Every structure is written in structure tokens, then in C-alpha cells.
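Q: In case you want the letters, here they are:
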Amino acid sequence: MSSSASPRRVPRRKLPPRVWAVVLAVAALGLPAVSTVSAGAAPAANPTGCVHGYRAGVDYFPAKATVTDAQNFTISYHRSYKVLTVKVPFPGGAPQTYVLVQCGTPAPRLTGDLAGAEVVTVPVRSVFAESTTELVPIVELGETNALRGVGSEQYVNAKPVRALFNKPGFVEFAKSGDVDVERVLGAKPDVLLTAGTDSPAYAKLREAGVPVVAVAEYLEATPLGQAEWLKLMAALLNQEQRSETIHAGVAARYRQLAALTPSTPTGQRPKVMTGFEDSGTFYEKGGQSITARLISDAGATSVWADNPDSGPIMIDLEAELGRAARADVWIDGSQFWNSLADAVKDDPRYQSFRPFQLRQLWVPNRVKNANGGLDFFERGVARPDLVLADLIKVFHPDRLRDHQLVFYVRLPRG
Amino acid sequence: MLTEERVAAHPEPAPRASVDGQAPARGRAALVFPLLSLLLVVVFVLGIAVGSVPIPVVDVVKVLTGHEPHGVYHAIVFDIRLPRSITGVLVGAALGVAGLQLQTLFRNPLADPFVLGVSAGASLGVALVVLAGASSEATFLAGLGGLGDVGIAGAGTLGAAAVMVAVLFAARRVRSTITILVVGLMVSYLVASLVTVLIASADGPRIQQFLAWEAGSFRAITWSQLHVLVPVLFVGLLAAAAGVKQLNALLLGERYAATMGVDVRRTRFVTIGTAALLAGVATAFCGPIGFLGIAIPHLARAALGSSDHRLLVPASMLLGGTVALAADIIAQLPGADFVLPLNAVTALLGAPIVIWVVLSSRNAGTLGA
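Residue numbers (the numbering used here), protein chains in the order written: chain A, 510 to 923; chain B, 123 to 491.
Simulated from the structure, these hints should not be mistaken for lab results. Fair warning: this is a prediction, and the values are worked out from it, not measured in the lab. Careful, some of the hints might be misleading.
Derived contacts from chain B toward chain A, CB cut-off under 10 Å, selection only [unchecked claim]:
1) 171
2) 173
3) 202
4) 311
5) 314
6) 318
7) 344
8) 385
9) 389
10) 461
11) 469
List of simulated lysine to any residue pairs, SDA-like, C-alpha gap at most 20 Å [said to hold, decoys possible]:
12) A:684 <-> B:201
13) A:684 <-> B:319
14) A:697 <-> A:668
15) A:573 <-> A:600
16) A:877 <-> B:292
17) A:596 <-> A:568
18) A:684 <-> B:328
19) A:877 <-> B:353
20) A:684 <-> B:329
21) A:684 <-> B:184
22) A:877 <-> A:866
23) A:684 <-> B:193
24) A:684 <-> B:325
25) A:676 <-> A:713
26) A:697 <-> A:780
27) A:684 <-> A:651
28) A:684 <-> B:175
29) A:877 <-> B:319
30) A:684 <-> B:321
31) A:780 <-> B:321
32) A:684 <-> A:713
33) A:676 <-> A:707
34) A:697 <-> A:674
35) A:684 <-> B:318
36) A:668 <-> A:818
37) A:877 <-> B:193
38) A:877 <-> B:333
39) A:780 <-> B:175
40) B:184 <-> B:201
Ideal Cβ placement from N, Cα and C applies to all residues, glycine included.
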């Protein structure tokens, strides 16, 4: 599966000139490879290292990130430091504020709103990333070499990251699922990015002088909001200029694709079910979830569209049958299924769902690593435009004929 | 064993009276059994008629009589509610009887299938497949995906059987029943700690899958699994029914039983074997469903006012099936699309009832002896 070809192919129809310009600019970057940004972006880049001879009043961050799609974090700029706030760092968590101070400039006094904030010196030169969703943004920002550790190597797909695993000093710091404090302290990275959950290890690390920044992109309401967390990582790496260009490209393509189908009348929208059953309980996606949003933007309707939940929901198998037995398409079945026969082995009752009978069961396991880790959970978060293109093609086969599916596979009979 | 001597020497007027003096218990049984049977039928009908999707009774009847062979209603009634109801009744009966057997054998009102470590053994089997099946997709498919839910149940049965063999081995070697109880409890702890180790080293989706099994459910059972579950449990229940005389003899203490011509070791062996089979298979397929094994025998004794196993065994089957399926129906909150964990419902609703029954019973002090 050639991934670099897809972004060019996707928006081939009906693009206005301005969008074309952005698309071409991003395509010209060749995404991860090239290291300089040209294409008429912001005037100057932020410092790539420490500055010398601090002068008050100088704006050390000419390139600034503007957060528009994401709701769960904010960035503000104050000449020699930035203030980053993550509103919900983990489910139920209180907001966390970080003061990102330009290396070589004095730290501001932490009073008022900043009292108790965590200070991180930027640009960070060594990053520990607990979640695989953080890897693609770091690679796309051209900062692969700043990555010095990942939580678990097991499910990583990104080739530039996998290439780091054998480098001496590269650390796998949460192999068992829990952050190994000693391993992190042994390497003392400039920052550790969380996986959007809480752990007693974080308090210990902060105490020992390792800044911990929460990354909770999965709590966003929209796919583009998730993708925009690239800018949080960019703020830590002083790569705002690149992040603006990259996100603008993703967002433009996404909106262009979403505009392909809104005219579809409700009655003609395919009805879509998601998930799989386990011990009599069906794991669906809530009506306000990212998946539901993708389904809707792809010109279809989730069978649970009226459900108010934003996360996964657990449904009685019978209730799922009541709602979804007459559905048209089924996406995101178990990632372990490679054929319809695999699904039947798990539970023969899957055959009662119409999408199963129509052989319209799609699983995003086209790209996976040797351990079964899905690229969908990694690159799919950073590239919602690719996911949306896939889904439009799944729901409306007559559209996007040139698009090669990136993540989704239609399960064969077996 | 000093403890056992004491227990055996302890006067037990209640069972003696009711086993010998059949008349009052018989009269009550004539009332209780039709009532229990009626309750079971009512709950079974409810199990087929009630669910998260409202289906008109007419359509339910149509499905059952084969007049609507396809469609959503058929799938719901025939593939979900019917297997669920059959499973609930059989598994409830199995756990109830297994509990009764073990309470009598160990002369302990707190005994249930869990104390022998049989349920823990099933858990270990399932945990090994689900949690340790592990790091690569290839092994996962070979272990679980390739076998599906039948694979889980098979592993659970094997785990239960392994523990059962260990306990039976102990049962042959040692003279004292209390020793077997202690061995069973220790095996239970040992196996449970292995499961904890497996959970600690597993990752998210697999832990979730294991926890889903551990929450207990009759709804996961499919027809293909019933082809295994029904005959096995049926054989187990028949074996339990065949052992009522020996159980009655054991009520009087192992020494008395021996003087009455009962082969105590053999009885012990067969009773533990039957109980382990019933509880092990039920647990493997439906998860470790607590409470029923310990509570049903108490409810049966209270209902009948008797300790005669010729009455208690069938009563435990009827009550067990009724309570288990009723709990599963209640687990589906009215109007809700999700289901409470069965394990939570059985204990949440059942424990207060049992406390009330035990406290209000006149011979509360001798219950379970």
C-alpha cells in the first residue's frame, strides 16, 4: 500500500484553486522526508536550539500555532515563553498548565494563573512518547531524531520510528503498560508525553525533574481536533511553522472530502454499525464519538446516531440486533478478523446482521506490523483525511474511484 | 482431625428428624414443588418474551412455531433469548446442586463450588488463552480466534478439570474431608494469584475480554456451544440425582455413614467429581457466577423445611434455574440498551434475600449442617 500517493489522489475532484495550492504545497513536502519548509508559509522559524544574549522585549517565537479545531488544549505566546494548557489531561482530570520557556531566556515568575505550572525548556531535544498516536506527528515535524523512547515498541508501525529501536540508548519505558520510572529517570528526557491517562509514575517523574506533558487527543470531539494535537508537539519542538502547514493541508483535504457528500438525503445515507460482540455485550461507538463523526462526514448515518455518548458504548447483543440488523454497512469489526469465517467462529449470530449477509463488513487492518499493531490507530489519528477518504469509498463506491483504500479491508468470505 | 471429630460429635437433631420423619416435609413438598415448577416455567417464558427490544407476544409465538423463519425477530428470539434462557436454567440448576453437594460433603454452610478451586481453575484456563495467548496475532488466532468462544470454554473446562483432578487426588489420599477443603482453598488462592499475574502482564483489549468473561453472562452462549453444554450438564445433574441416598447418609457424619454401609471415600470422590464437573463447565462457558452455589441450597432448605436430599436436590435444581434466569432478566434494566454484569445482579439481589431467609428461619443455627 503506497501511503504517499493517497493524499494526492483523494481530492482530485472539484477542488477550488486555493485548496489546490495547499494540497500541492503539502504534497511537495513529501511529508516525512524533506526537512525545510518553503512554500510561502510564515516568515521565520522559531529557534532550533538555545538562544544567546537574551534581550527583553524580543519575540523569540515569530512562528505561532493557532489552535482552531482542537478543543482540549490552548497555546498562547509571550515573547520568550509559551503557555500551554491541557483542559482535560485524562478522563476526569483537572486542567494542567505548562510554561514552555525558550532555552537561553529566563523563566518567568510563576504567579497568578501560572502558579504551580510545570516548566519545560524548549525546544526539547529528547522526547519520550507513551502513545503510538504521538509518533506520526513527531516524524512529520521532521523531529524523528528527538524521539528517544516509546511506551511500548510492540504496536509501532511508523518505519522511521521502528528504525530507532536498535539504536543504543533508545528506551522502551512502559512495556508492561505501566511507566517504568527508573528507566525514564535513567535517560532523563527533556519531556515525557502521556497517553492521556493518569499514572502515579507521573508525579514521581515531575518530582525528579522530568517534565510530563499530557497528550489526550482521544478526548477531542472531532477527527480534525485529534489531528491538531500535532501543534502541541510542535510547540514543544519549536516547529510551529511546519505544524501550521501540515495541519492546514490535512484540514483542507478533510473539509473538501466532507463536502462531497452532505447533499446525500438522510433516506439515502447508508446505515452503519460498528464494533463486535464479547460475552453477549456488543461494543459500539457512541453517537457523539469520533467514529460517528467520521461516518456522518462520509455521508452515512450511524445506527446509534441519537446516542449521547462520546466514547465506546456497551450494548446488549439483542439491542444491537434491534438497531443494526437492517444496517447497510458494518465497519470496525474486531481487528483480529481477516475473513467473515473468522467472525462466525467468534459468534455465529453475526450472520443475522444484514451487512454480514451483504458482505459489507470492513475492518481497518490493511496495514499492521508483525505483532498485529494497526497503523489505523497510529497514522489514522494523524491523518483523518485518509480515513475519511476510505470511508467515503466504502459507503459510496461510486465516489472517489481513484482512491486506493489506505486502512480498510472488505472481509472476504474466508 | 480434632475439628471433624467435634463436628461429627455435635448433635444434629434437625436433619435426623426430617430425614426420618418424612410426613411433615412430604406435605410441604407437595405444595412447594408445583409452586417451584410453575415459577420456573413463568421465568422461562419471561426469558423468551422479555428483552431490550420490545417484541409483541404474537411475533414471539410466530418465531417459536416457525412461522417467521427469517428476520430480526427470529434472530433475537431464536438465537439470543432461547439459548440464554436454556443456559440460565441449566447453569443455575448446576451451580445450585453443586453447592448443595459440597455443603453437605464438607458439613459447612459456607461451602460452594468456589472453595474447591474449580471456578478458579476455569478462570486460569480462560486467562491463559485470553491473556497469555498474547503478544503476536498469530498465537492469538491459533489460541482463541481460531476456536472462537468454544476455545475459551474449552480452556476453562480444561482448567477446571486440572484443579478437579488435583483435588480428587487429595480426596483419595487424605482421610479427612476438612483437609480436602483446606487443599481446595489453597489451590484456589494459588490459581487466583496466577490469574492476577497474567492480568498484570496483559494489554488492554485482552484484559477487557477477560473481564467481560469474568462478569458472567448467559447471553454469550450460542447454539453450537449448547450442543456441548446441555449434554454435559444433563449428565452431571443425573449423577447428582443418583447420589441423594449417599448425601443423606453423610448428613449423619462420615462415621455413621460408614456404619450404614456407605463407602465414604467413594461417595466423597463421586460427589466432588460431580460438583466439579457441574461448576467447572458452567463457569467455563458463562464465567464465574458467584452466589448461586452458596445461596440456592439455603433457599431450598428454607422452602422445604427439610434436609432430605431426595427433596433438596430437585428443589435446588428448580430454584437454581429460576433464580439464575430471573437475575439475568433483571440484569437488563427496563428501557436500557446495556446489561449489568450478571455476577453483580445475582449477589446484589440475592444476598439480602438469603440473609432474610437465614435470619427468619427458626433453626437458623443449624442451617446447612
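Q: It remains to establish, for every hint, whether it holds in the given structure.
A: Results of checking the hints against the structure:
Evaluation of the residue 171 of chain B hint against chain A yields a violated restraint, the C-beta minimum of about 12 Å exceeding 10 Å. The beta carbon of residue 173 of chain B is positioned within 10 Å of a beta carbon in chain A (closest approach about 5 Å), and the interface hint is therefore held. Contact between residue 202 of chain B and chain A, as hinted, is supported at the beta carbon level, the nearest pair being about 5 Å apart and thus within 10 Å. With 10 Å as the threshold, the beta carbon of residue 311 of chain B stays out of range of chain A, its nearest partner Cβ sitting at about 23 Å, so the hint is violated.
Hint on residue 314 of chain B is violated. Least Cβ distance to chain A is approximately 20 Å, over the 10 Å limit. Violation of the interface hint for residue 318 of chain B is found here, the shortest Cβ-Cβ separation to chain A being roughly 14 Å, above the 10 Å cut-off. Hint status for residue 344 of chain B relative to chain A: holds, with the closest Cβ pair at about 5 Å, below 10 Å. Violation of the interface hint for residue 385 of chain B is found here, the shortest Cβ-Cβ separation to chain A being roughly 41 Å, above the 10 Å cut-off.
Because the beta carbon of residue 389 of chain B sits about 36 Å from the nearest beta carbon in chain A, more than 10 Å, this interface hint is broken. The closest approach between the C-beta of residue 461 of chain B and any C-beta of chain A is roughly 5 Å, which is under the 10 Å cut-off, so the hint is satisfied. Taking 10 Å as the C-beta contact cut-off toward chain A, the hint placing residue 469 of chain B at the interface is violated, the least distance being around 18 Å. In summary, the hint linking residue 684 of chain A to residue 201 of chain B is not supported, as the alpha carbons are separated by about 41 Å, beyond the 20 Å threshold.
With a C-alpha separation of about 15 Å, the suggested pair residue 684 of chain A and residue 319 of chain B falls inside the 20 Å cut-off, and the hint holds. Simply put, residue 697 of chain A and residue 668 of chain A have alpha-carbon atoms about 25 Å apart, too far for the 20 Å limit, and the pair is violated. Restraint check: the Cα-Cα separation between residue 573 of chain A and residue 600 of chain A comes to about 28 Å, which exceeds 20 Å; the hinted pair is violated. Taking the CA atoms of residue 877 of chain A and residue 292 of chain B, the gap is near 49 Å; set against the 20 Å cutoff, the hint is violated.
Using a Cα cut-off of 20 Å, the hinted pair residue 596 of chain A and residue 568 of chain A is violated, with the two alpha carbons roughly 26 Å apart. At most 20 Å may separate the alpha-carbon atoms for a hinted pair to count; residue 684 of chain A and residue 328 of chain B meet this at roughly 15 Å. Between the alpha carbons of residue 877 of chain A and residue 353 of chain B the distance comes to roughly 42 Å, so the proposed pair goes past 20 Å and is violated. For the hint linking residue 684 of chain A to residue 329 of chain B, the alpha-carbon distance of about 15 Å falls within 20 Å, and the restraint holds.
A hinted pair counts as satisfied when its Cα atoms are at most 20 Å apart, and residue 684 of chain A with residue 184 of chain B does not qualify at roughly 55 Å. A hinted pair counts as satisfied when its Cα atoms are at most 20 Å apart, and residue 877 of chain A with residue 866 of chain A does not qualify at roughly 27 Å. Straight-line distance between C-alpha atoms of residue 684 of chain A and residue 193 of chain B comes to about 47 Å, which puts the hinted pair past the 20 Å bound. For the suggested pair residue 684 of chain A and residue 325 of chain B, the alpha carbons sit about 10 Å apart, so the restraint of at most 20 Å is met.
Between residue 676 of chain A and residue 713 of chain A the CA atoms are separated by roughly 27 Å; this puts the pair beyond 20 Å, and the hint is violated. Simply put, residue 697 of chain A and residue 780 of chain A have alpha-carbon atoms about 50 Å apart, too far for the 20 Å limit, and the pair is violated. For the suggested pair residue 684 of chain A and residue 651 of chain A, the alpha carbons sit about 26 Å apart, so the restraint of at most 20 Å is broken. Between residue 684 of chain A and residue 175 of chain B, the direct Cα distance comes to roughly 43 Å. Violation of the 20 Å bound is thereby established for this hinted pair.
This hinted pair does not check out: residue 877 of chain A and residue 319 of chain B have alpha carbons roughly 28 Å apart, beyond 20 Å. Of the supplied pair hints, the one linking residue 684 of chain A and residue 321 of chain B holds, its CA atoms being roughly 14 Å apart against a limit of 20 Å. For a cut-off of 20 Å, the pair hint linking residue 780 of chain A to residue 321 of chain B is broken: about 37 Å separates their Cα positions. About 18 Å separates the Cα atoms of residue 684 of chain A and residue 713 of chain A, which keeps this hinted pair within 20 Å; it holds.
Taking the CA atoms of residue 676 of chain A and residue 707 of chain A, the gap is near 29 Å; set against the 20 Å cutoff, the hint is violated. Annotation: proposed proximity of residue 697 of chain A to residue 674 of chain A holds, straight-line Cα distance about 18 Å (limit 20 Å). A threshold of 20 Å between alpha carbons decides the hint, and for residue 684 of chain A with residue 318 of chain B the separation of about 17 Å falls inside it, so the pair holds. Between residue 668 of chain A and residue 818 of chain A, the direct Cα distance comes to roughly 35 Å. Violation of the 20 Å bound is thereby established for this hinted pair.
A threshold of 20 Å between alpha carbons decides the hint, and for residue 877 of chain A with residue 193 of chain B the separation of about 36 Å lies outside it, so the pair is violated. Straight-line distance between C-alpha atoms of residue 877 of chain A and residue 333 of chain B comes to about 26 Å, which puts the hinted pair past the 20 Å bound. Of the pairs offered as hints, the one joining residue 780 of chain A and residue 175 of chain B holds, with about 19 Å between alpha carbons and a cut-off of 20 Å not exceeded. Our distance criterion of 20 Å between C-alpha atoms is met by residue 184 of chain B and residue 201 of chain B, whose separation comes to about 15 Å.
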